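For reference, the chains in residue letters:
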Amino acid sequence: MGLPGRVTNDPSNYFALGVQGAKDQEAGTFYFFKHLNGSGFDTTQEVSREREGGGGKEIALGYKTMVKPDGQVVAYARPDAAGRLLTYALGADTPSFIATVAAGVFLVNHLIQSGVNASLPYLTADQAWADMVERSTNNIVTDLSIEGEAGRPLKLTAQFISGGSVHVATVALTPARETSAPLMYPGASVSLAVTGGADAGATSIEMTKFKIDIKNGVDDTIQTTGLNREDVIWETADYTLDGTLKYTDKAIWSEVYYGGGVGSQVQVGIATASFNFYTLLGQGASNSLQMNMPLLQVSALKVNRLDPDGKTMFLDFTAGTIKGASPSLFANVVTGATASYTGTAT
Amino acid sequence: MASVDAVWTGPFDAEIPGIGSVAIGQECEIDEAELSSGHWQPVQAPALPAATAPPAAASPVASSTSASPTTTADGASA
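Top line first, the protein sequences correspond to chains A and B.
Just so we're aligned, residue 6 is where the first sequence starts under this note's numbering, counting upward by one.
Just so we're aligned, residue 2 is where the second sequence starts under this note's numbering, counting upward by one.
Incorrect hints may appear among the rest.
As the list claims (entries may be wrong) - EDC-like, lysine to aspartate or glutamate: derived pairs with alpha carbons at most 16 Å apart:
hint, chain 1, residue 1, chain 2, residue 2
1, A, Lys220, A, Asp148
2, A, Lys39, B, Asp6
3, A, Lys39, B, Glu16
4, A, Lys214, A, Asp247
5, A, Lys216, A, Glu154
6, A, Lys69, A, Glu55
Said to hold, decoys possible - Here chain B is said to cover these stretches of chain A; the calculated rule only asks that three of the stretch's residues, wherever they fall, bring their Cβ under 8 Å from a Cβ of chain B:
hint, segment
7, 100-113
8, 173-182
No lab work stands behind these hints, which were simulated from the structure alone.
Only a predicted model underlies this, so the values are computations on that prediction, with no experimental measurement involved.
Ideal placement from N, C-alpha and C gives every residue a C-beta, glycine not left out.
Using the sequences and the accompanying hints, generate a full structural model.
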């Protein structure tokens, strides 16, 4: 007699991340995402299969050389989820008390900044699917994208790489998930200000979509006597922004290519820009998310200028931050969490 | 598995299978093992105030239990 099959949306399924107190020290408190499709880690095995004397034409020896329990989590940006993933990707979170809402309920601003901490928090990933529970350790976030699109919730996609072991967990956890609605793009305040020369620059608030990408370059080749990586070390950070603006006039185009209203030749210097995004959780709500990139350089700008079929004109831009004295990417996330997201108890 | 009364400490309002929606500060009866999640604070059982205990029953018990160690201590020190 056979057993019934399984589905991918069993109510007991979950994906969770928890902050470790130290490398090789598994997290005790986890945040369970309202995950979207594509979430979870896969344990990829690298194997070597070789021919040896005596084996004739066939493979005579096989063994594993490495296991890589890497993955990603995809979720809409609820306040706590956004605060956590931004902190995991940028490394620094400074909470500051705003107000007491009710007994034991607080409003706290989390200032999450790039360029402050020299290391990223190690994370333990725990996932349950069908009748399996797996756990991987020493993960760090190597890529986080925050996408805003007309009419849609903000979407977070965080990729992580494990610098530790993967094993079967002894027991499935009880997932406790954030009940808040997602932070939405509709109702947000969005602006991109571009300056290419000595003039005042140009600003657009007519942005149809944007994507912030935090890319943490790591050394993921550290392997000692284990099959797993022994560590993952953060080495570089790239913060980029791309998006689409409704074309209204030549102002931004002139800034990016010709130095603004003061020039008619292509300038050597790259046009600088600043980006600000702010959204409230909803009408009358206090929870919010602000993301700001004040030190951008616009590396590319394209327009769909000629089309006999008649299309609305849009500007597609790509920009990246450049190191300055202040953080080139920071976020303010207002949530109820009183402790820093870099801590182990949240 | 033993159950305990505990308060959901957040930091966010949550949906929990088997419990439902809980708000920060809400008290629920949960499986004791869930305390290890770090999100629950056990509710301390209130100590019985002396005034609420029946005097007739409390007095002999209190006097006998308190008398024994006192006697022993006195005897030991004497």
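Verification of the hints:
no.: 1; hint: A/Lys220 <-> A/Asp148; result: 4 Å, holds
no.: 2; hint: A/Lys39 <-> B/Asp6; result: 27 Å, violated
no.: 3; hint: A/Lys39 <-> B/Glu16; result: 10 Å, holds
no.: 4; hint: A/Lys214 <-> A/Asp247; result: 8 Å, holds
no.: 5; hint: A/Lys216 <-> A/Glu154; result: 9 Å, holds
no.: 6; hint: A/Lys69 <-> A/Glu55; result: 12 Å, holds
no.: 7; hint: 100-113; result: holds (count 4)
no.: 8; hint: 173-182; result: holds (count 5)
The earlier numbered hint that this structure contradicts is number 2, and it is the only one.
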